[in-house]
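Q: As a plain string of letters, each chain reads:
2 protein chains.
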Amino acid sequence: MVFWNIFFNPNHNNKKSNQKLNIEKVLLIKNFSQNNKIINIYLSINNEVNLYDLEKLCDAVGWVRRPLKKVKTALENSFLIISIFCYINNKKKLIGFARATSDNSFNATIWDVVIHPDFQGLGLGKVLMNQIIKQLRLYDISTITLFADPQVIKFYRHLGFLIDPDGVKGMFWYPL
Amino acid sequence: MVFWNIFFNPNHNNKKSNQKLNIEKVLLIKNFSQNNKIINIYLSINNEVNLYDLEKLCDAVGWVRRPLKKVKTALENSFLIISIFCYINNKKKLIGFARATSDNSFNATIWDVVIHPDFQGLGLGKVLMNQIIKQLRLYDISTITLFADPQVIKFYRHLGFLIDPDGVKGMFWYPL
Chain A
1 MVFWNIFFNP NHNNKKSNQK LNIEKVLLIK NFSQNNKIIN IYLSINNEVN LYDLEKLCDA
61 VGWVRRPLKK VKTALENSFL IISIFCYINN KKKLIGFARA TSDNSFNATI WDVVIHPDFQ
121 GLGLGKVLMN QIIKQLRLYD ISTITLFADP QVIKFYRHLG FLIDPDGVKG MFWYPL
Chain B
1 MVFWNIFFNP NHNNKKSNQK LNIEKVLLIK NFSQNNKIIN IYLSINNEVN LYDLEKLCDA
61 VGWVRRPLKK VKTALENSFL IISIFCYINN KKKLIGFARA TSDNSFNATI WDVVIHPDFQ
121 GLGLGKVLMN QIIKQLRLYD ISTITLFADP QVIKFYRHLG FLIDPDGVKG MFWYPL
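Protein sequences appear in the order of chains A and B.
For what it's worth, UniProt numbering labels the leading residue of the first sequence as 1, then goes sequentially.
For what it's worth, UniProt numbering labels the leading residue of the second sequence as 1, then goes sequentially.
Same shape as in the complex, but just chain A:
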């Protein structure tokens, strides 16, 4: 198993606000063995994600189903989308996903971080998150936020995320 470094053009630092980096496919893990099959695992940035593939991935981790039309709108209006995938029997399989909303300038918020259960424990979540941070930093975004369920707080802490710094509290409003 080999983790490949992902290099980007330093000119991306000077990107205009509406110009988005798009990377179709970067090899992440070469010759990974799963169920007696040797597969390669890839990462892509701001590339189209099939809505049904995403639904399947979210089903696999037991998330509540969401209307596909709303998911489509959410993806269209996300600042950054990272997906991780492989090919099994020549069929593309989505195995990791995360997205971020942002003002493209100061702040970003990460949503819907998910790794398929069959591929958890390989460090893919860490690669996914580090890639998100790297991409947001290319735009000089300095406040990267997320809302963590209790069972993943430790994971995000290891990546350098802080809880309630200087007493700042994440707050939620939900419709009744």
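Wrong hints could be hidden among the right ones.
Said to hold, decoys possible - Taking CB as the label site, the calculated pair distances span:
#1 B:K72 - A:P67: 30 to 40 angstroms
#2 B:D118 - A:L27: 51 to 61 angstroms
#3 A:S142 - B:D53: 22 to 32 angstroms
Claimed, not checked - Calculated lysine-lysine pairs in the DSSO-like style (CA-CA distance at most 27 angstroms, straight line):
#4 A:K134 - B:K70
#5 B:K134 - A:K70
#6 A:K72 - B:K20
#7 A:K37 - A:K25
#8 B:K134 - A:K20
#9 B:K93 - B:K20
Hints listed in this document are in silico derivations from the structure and should not be mistaken for laboratory results.
All C-beta atoms in this analysis are idealised placements derived from N, C-alpha and C, irrespective of residue type, glycine included.
Model the placement of chain B on the given structure of chain A, informed by the hints.
A: Positioned in the frame of chain A, the structure of chain B alone reads:
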């Protein structure tokens, strides 16, 4: 002093993802007396905000100055911008501001909520926040989030915002 109700066309519920409501001017408080002057206070939605006016307002509450170019990008890429203003000696004065990033579908995050110190205590902050919630709900956005400094947590609680519901924690990543 009269607070006016703001009514919107129910068709806004069917808005397309890239179509934004734009309201130039709604009378909020009529005949408000300040420094022996009678003024009217207005609210506007997704209308252009002068960057220097915004800087002046942020200066008034002691916020750290931010590069205007970055502020411009942030406004351009905000999903919702609410501003409150009045006219003093025929000159428009920005006295309240808030904005939100969003995926236009499920989630929104509110940033930069500010009311000019001379106009605090009138309930304008509450009007501003309720208007943000109302606007986001028109798009059926159900998770409305923000990050509150310790001194304003009580204010947001009164508006129905919850801290750490079900143990979900707001987390931050900052560059070292």
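Q: Take the hints in turn and mark each one as holding or not.
A: To see whether the hints hold, each was checked on the structure:
1. B:K72 - A:P67: 30 to 40 angstroms: holds (34 angstroms)
2. B:D118 - A:L27: 51 to 61 angstroms: holds (59 angstroms)
3. A:S142 - B:D53: 22 to 32 angstroms: holds (24 angstroms)
4. A:K134 - B:K70: holds (19 angstroms)
5. B:K134 - A:K70: holds (19 angstroms)
6. A:K72 - B:K20: Satisfied, since the Cα-Cα distance of roughly 18 angstroms is no more than 27 angstroms.
7. A:K37 - A:K25: holds (21 angstroms)
8. B:K134 - A:K20: violated (31 angstroms)
9. B:K93 - B:K20: This hinted pair holds, its Cα atoms lying about 24 angstroms apart.
This entry does not satisfy hint 8, going by the numbered hints stated previously; all others are met.
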